[in-house]
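Order-wise, the sequence lines are chains X and A. Positions 177 to 251 (the numbering used here) are the ones given, in order, by the first sequence. Positions 177 to 251 (the numbering used here) are the ones given, in order, by the second sequence.
In case anyone wonders, no lab produced these hints; they're calculated from the structure. Do not rely on the hints blindly, as some may be mistaken.
The list cannot tell twin chains apart, which means a pair is met if one copy fits it or any two copies do.
Only pairs whose alpha carbons sit at most 25 Å apart, straight line, appear in this in silico BS3-like list of lysine-lysine [to be verified]:
no., residue 1, residue 2
1, Lys225, Lys188
2, Lys181, Lys247
3, Lys188, Lys248
4, Lys181, Lys225
5, Lys219, Lys250
6, Lys247, Lys225
There are 2 protein chains.
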Amino acid sequence: MEIDKAFGEVLKQKRVHNSISQEELAYLSNLDRTFISMLERGKRQPSLKTIFVLADALETLPSQLISEVEKKLKL
Amino acid sequence: MEIDKAFGEVLKQKRVHNSISQEELAYLSNLDRTFISMLERGKRQPSLKTIFVLADALETLPSQLISEVEKKLKL
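With the rest of the complex left out, here is chain X (with noise of 0.2 Å):
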């Protein structure tokens, strides 16, 4: 599997189990919503800071959010 594809269900999975929309996410980390769905979808790679607001906006550490995408590569 693609890191953007494994870190695109990643997002979303979290998103999904925050119970939070995307537009609310986009809200939350102040990106666009469309980005936020591209990332989804592994249409785009986050940068650093990226990765960071959305960890921030999902309450949850950005290692987190890296070590869940590590499982789904089986790393």
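Following the hints, complete the assembly by docking chain A onto the known chain X.
Frame of chain X, contents of chain A only:
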């Protein structure tokens, strides 16, 4: 401290700990040496894939690099 600066410090500390030069890290990660230098000085920020490629070249996990950054930022 800025996230980019914190990542740069972590990257340099890990590279020096592994006793490899910027040239060697550039070779191992298939990235440009000047980009490595700018990352270490916090002048550029890495994308998700760059974080994974650098972690692999430094023989660590991406989540480990990110948690070191979190420690520097006291998250």
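request  = Measure nothing new, just compare the shortest in-copy and cross-copy C-alpha distances for Lys181 and Lys225 to 25 Å and report within, between, both or neither.
outcome  = Both: 19 Å inside a chain and 11 Å across chains, each within 25 Å.
request  = Could you place Lys181 and Lys247 in one of the four classes (within, between, both, neither) given a Cα distance threshold of 25 Å?
outcome  = within (13 Å within a copy, 27 Å between copies)
inquiry  = Checking an output row: Lys188 and Lys248, CA cutoff 25 Å. Within, between, both or neither?
reply    = Within one copy only: 13 Å inside a chain, 28 Å across chains, cut-off 25 Å.
request  = Could you place Lys225 and Lys188 in one of the four classes (within, between, both, neither) given a Cα distance threshold of 25 Å?
outcome  = This pair counts as both: shortest intra-copy Cα distance 18 Å, inter-copy 18 Å.
query = Quick one: Lys219 to Lys250, C-alpha cut-off 25 Å, is that within a copy, between copies, both, or neither?
reply = within (21 Å within a copy, 32 Å between copies)
request  = Indicate which option fits the pair Lys247, Lys225 if close means a Cα-Cα distance not exceeding 25 Å: within, between, both or neither.
outcome  = Close inside one copy (22 Å) and across copies (15 Å); limit 25 Å.
Checked against the numbered hints above, the structure violates none of them.
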